[in-house]
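Colleague: What follows is the residue order along each chain.
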Amino acid sequence: MLTLEIDGQRVTVEDGATVMDAAHRLGIYIPHFCYHKKLSIAASCRMCLVEVEKAPKPVPACATPATNGMRVWTHSPKAVAAQKGVMEFLLINHPLDCPICDQGGECQLQDLAVGYGQSAHCFSEPKRVVADKDLGPLIATFMTRCIHCTRCVRFLMEVGGYQELGQAFRGEHSEIMPFLEQTVRSEISGNIIDLCPVGALTSKPFLYRARTWELTRRRSVSPHDAWGSNVIVQSRFDQVLRVLPFEEESINECWLSDRDRFAYLGLDSTERLTQPLVKRGSEWVAVEWETALQVAVNRLNDVRAQEEGGRVAVLAHPMATVEELFLARTLAETLEGECDARLRQSSGRADSAREGAAWLNSTISEIAAFDGQWFLGSDLRRHLPLMAVRVRTAARRGAYLVAWSWVADEWRVPGLEWSLWTPATMGAALAKVALVVARRAGDDGALPRWVAEWAADAALSEEGTVALVQRLERCQRRRIWLGEGLLAHPQAAELEFLAGVVATRIGATVGWLVEGANAVGAAAVGANGAQSASELVAEPRAAYVLLHAEPEDFLVPQQAVEAFSRARTVVALSAFASASLRETADVLLPVTPFTETSGSFVNIEGRVQPFTAVVRPRGESRPGWRVLAALTTLLGREARFASTEAVRGAALREGWRERLATKPIARPPVGVPALERVEPAAVFRWYQTDPIVRRSTALAACTEEE
Amino acid sequence: MLSQEALARIDREIAKYPPGKKQSAVMAALRIAQEEHGWLSQEIISFVAEYLEMPPVAVYEVATFYNMFDLKPVGRYKITVCTNLPCALSGGEHAADHLKERLGIGFGETTSDGLFTLKEGECMGACGDAPVILVNNRRMFCRMTRERLDSLLESLRAESEEKGRR
Amino acid sequence: MTTLRLGQMILKDCGEKSWRLADYEARGGYQALRRVLQEQWPPERIVEEVKASALRGRGGAGFPTGLKWSFMPRQFPGEKYVVCNSDEGEPGTFKDRDILRYNPHSVIEGMTLAAYAMGASRGYNYIHGEIYEVYERFEEAIAEARAAGYLGENILGSGFSFELYAHLGYGAYICGEETALLESIEGKKGQPRFKPPFPASYGLYGRPTTINNTETFASIPFLLTMGGEAFHRLGKPNNGGMKIFSVSGHVNRPGNYELPLGTPFAKLLELAGGVRGGRRLKAVIPGGSSTPVLPAAVMMECTLDYDSLAKAGSMLGSGAVIVMDETTCMVRALERLSYFYYEESCGQCTPCREGTGWLYRVVHRIERGEGRSEDLDLLQRVTTQIMGRTICALGEAASLPVQSFINHFRDEFLHHIEKKCCLVPREVQRAGSEIAVEA
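Residue numbers (this note's numbering), protein chains in the order written: chain R, 1 to 706; chain H, 1 to 166; chain D, 1 to 439.
Take the hints with a grain of salt, since some may be wrong.
Calculated cross-link-like contacts (lysine-lysine; reagent style BS3-like; alpha-carbon spacing at most 27 Å) [as the list claims (entries may be wrong)]:
id, chain 1, residue 1, chain 2, residue 2
1, D, K188, H, K72
2, R, K38, D, K195
3, R, K37, D, K195
4, R, K84, D, K195
5, R, K204, R, K127
6, H, K119, D, K188
7, D, K311, D, K267
8, D, K267, D, K12
9, R, K38, D, K188
10, R, K84, R, K57
11, R, K127, H, K119
Hint data in this document are derived by calculation from the structure and do not stem from the laboratory.
Please take these sequences and the hints and turn them into a complete structure.
Modeller: Okay, structure coming up:
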């Protein structure tokens, strides 16, 4: 530990801390541009120059190591003179276009210019003009405003895992740019908009839509993946205009995936459903809520009266809230039907065979601490973009990282041993690894016979297997991740069992990379049954109630369309009226998306995150939990709750956490499975993951660029 | 994209650096590529990036940072004249003026026959030998009087013609 | 045709036809290495000899070499590097080129001895891009040394191994800055690193590294042969040894002169044949373009060593003496230098990236006759805002000429501003800078 003095105040910091760190500890603000706590130190903007006792020149606080007994002045005449000098240099070539700059009002340069700039300067030479760059559908550039802090370059290199931007040319001619005719493809590229301290990089969809001070800000939780990123949703006149990260170090740090940042555009889709619709003949007719609910109840009662029990299925998107899913389950019980939220899992066998529900099985923060990680069947960069960020941190710390994928897209994780498989070849190889470790442990005799049969086909040598296992065993904290692709696989249960055989014998733990903002919540409130939603459409039911789910959300969309077409009744609670729903449903009930209701999600690490509405419900739409409660009540079972808190209290009862799994499937599932030679079961469809994301025009443009 | 001979030269450069430090050979690889193609096109830069397993933009950063790399086509003979102060004191500018007049072009321009490009150079570390001329980044000519400049142009023209005949 | 005029140590008895290994050996080359390896000198002994010699870095900064070497963590496990800085691009400096082409083996031997002293097993010589032919010759010299067992595995059977490679620059002055040079070897843009950490703890590829100038390394074999003390006595106290002075500009015999430190400037000027055409000396930049210019009267009183020039308000720098006579327009001279720094700024730190362009444009304006009365104060203010506030010394290098030119030749600048023309008629300037190559 080191003790130093800044502006007369003593502070103690860890060895290796910088003057900037020490100043932060004291709450002293040192002006800066290139410094960012999450990025490497560039020390190039020179704005954070401070005076240090006995140092002949001012030193940059961001890069200068703190030393014992050091005395620092951040606002002495010498320090301020240096800071003002730098500010003058930054401003001489910066355009005076603040009135038309989107950054205006939230611009670090503007703010600091108030404190350190002068009202006039004596630079009378022509100002520099820099050509704008094409960074794709998400980021607008105004490169003349660039102050060369290189935060964007460093972010993409260090956090994004691949250098897509560079500082080309030199000196005053330097330009931040991608390689010729390329744009930025990072799945977390939007963060460079936040990082840019000036208006050089701004949000393209938000461009010229509003001034920052006109916006209302509310905290929320992103519903587009299981990470549970905390966001600030900004709106004006009940329209969401921008989504920014809310810093939550233990979840999303200060980042946001592009999906979370730009999905909001989908909320304004022309397909928004704003009033209840009932199909009369082949025509859709707008009706009052009361009528619509009554029609839905009558139709469901009809089915219930005519069919045997269990012929109604309530299928929910895992982005539905805890409250909605709890009430969906209640509705299903009332209808004596089934409920499920695993739209993209081929089968429910794995969940049934396992003790407890699939989840991360650690905190998010712990991910970077696993020094040996083996991923099976994940397209991580697209599935959980911010998990990939954590894995890159592990990579920087020297972790041994292996990914077996069946999607031909590398993860931009330095040092990752990535390889491409098919579901069948991966199954065989995994069986081989299981067999080898079991043989070594002397208990391969206990393995079911099919393991050896699968292993016989493995395209993995004995040496390769042993090398992988030994390399993992040399790590201190070993983790095997079961990816979303594996979980979606028809033989997920067998694959998980095999991973479990390996894990228990090499001392690794297992984590499940589940799909859906509330996938863990769905399991926690018991919204899933024996069969997955995919199975419930593969074997059609007489009636379906859909919650935030469109056929496109299912593993095999065509199967869903066919099941719904054949069903006697389909009641869809949805924020959107897609062509597919208009085609297949009978009643469309407009329910609100996450921005227009309160609720909660349980994220992948099992954290319950409540949120409130950001804007008023669009048109006649109502929060899904209220609609579900009303339907249930009308169907004859009392379900009245005053608030989402009340529902949550009923939904997440004490002890729900104990239902989260700690171990993979221990006993092999029944049946003698031949290794299925299926096509990749769940190629992760980028920017197609939920009804809101699918309707984001900006994200759609990114998919087209691919 | 590059000849076997060029690739072999690049491989020899890569071998100068420790294992896993291929990137260290990027300047050499670009130089060798430029020697073969005359300038660094987008395709060449992409090729070098792939060969050295670097992000293309990182190669582009290098190509644009070092000013002996040419990102646009140049004539068969790129003539760089140093006009920095020590050379300027001893005839550097006179030599440059003479070349401009003889070739009918200014700095940064190429003769219409595509034979010569004239460039203003910075210090080449040969100030005692002013005026100093560098041809195609490789051959340095020192103490260039007007007569020597003329005969250099003549010999380059002859060399080019001979190559053309072959 | 050669710029070599006078060699007394490194450049003694060598030249275009005598650079090969056999020539070097005939001059006593590789004897120091043989002795050190055969007598199994403790590495510290070499560092002590270098310290005793008062050898200071010949690249420009003048940092004591022995002290620098003592910073290297010899016992630190793993690879360590010695790197030679032959990226000679400071206007006025052209000594390393002569060392490399006329006596390349002195550098190889010096680097090998340095590697032995500091426990390094790999070295790189970073050679200025424009001297490609010299780079090729150095590669040949390396091959000769390797074949003769002076480089590579188990040198001269001693068990000590050292591998040396040449790395060619490609046109970036900033790579003469040692950490920019390291970045460049790593295959990146040559942008200087913030220090600390210094190369001795975090250098090439993040490993402990020592970087010295070509002339510094080339001095080592001579220094060890004659002994540190004797080397020191060649010069004057605190300014040990011989130094190569590169004389350029308005002299009759430009070239390299290897002289003891402490030699009077007047002597050097005389050796260089005096001012061209018998004209009057006006000013001298004594240590390369980055060092402050001195008026003739001041310069004529100086001796050529670190201390004397510092006292006079300038620096010995790299020993590049740029001589300017009465036909020189000091505004125009400064304009050219300012353009150079503006073009060569790497663009990393704000004050240098923005400030060098500002300086150049204002000086350019003044030279064009568009100066304003407040411009000189403005230039002064801009330089003080650059100096001491950048990662590397290029900020200083760009500022010191501006300050010293205005300081010593203010009247010429004022004349440009007030009269909108030059004190020295353009034709006189043209005539004074004519191509003047001796037969």
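Colleague: Now, for every hint given, state plainly whether the structure supports it.
Modeller: Structure-based check of all given hints:
1. Distance restraint check for K188/D and K72/H: the Cα-Cα separation of roughly 21 Å lies within the 27 Å cut-off, and the hinted pair is therefore satisfied.
2. About 20 Å separates the Cα atoms of K38/R and K195/D, which keeps this hinted pair within 27 Å; it holds.
3. Distance restraint check for K37/R and K195/D: the Cα-Cα separation of roughly 19 Å lies within the 27 Å cut-off, and the hinted pair is therefore satisfied.
4. Taken as a hint, the K84/R and K195/D pair is honoured in the structure, with Cα atoms around 23 Å apart against an allowance of 27 Å.
5. Taken as a hint, the K204/R and K127/R pair is honoured in the structure, with Cα atoms around 25 Å apart against an allowance of 27 Å.
6. With a C-alpha separation of about 25 Å, the suggested pairing of K119/H with K188/D holds against the 27 Å cut-off.
7. For the hint linking K311/D to K267/D, the alpha-carbon distance of about 19 Å falls within 27 Å, and the restraint holds.
8. About 19 Å separates the Cα atoms of K267/D and K12/D, which keeps this hinted pair within 27 Å; it holds.
9. A distance of roughly 23 Å separates the Cα atoms of K38/R and K188/D; the hinted pair therefore holds under the 27 Å criterion.
10. Of the supplied pair hints, the one linking K84/R and K57/R holds, its CA atoms being roughly 15 Å apart against a limit of 27 Å.
11. Among the hinted pairs, K127/R with K119/H is consistent with the structure: their alpha-carbon atoms are about 26 Å apart, no more than 27 Å.
Violation of the numbered hints given earlier is absent; every hint is satisfied by the structure.
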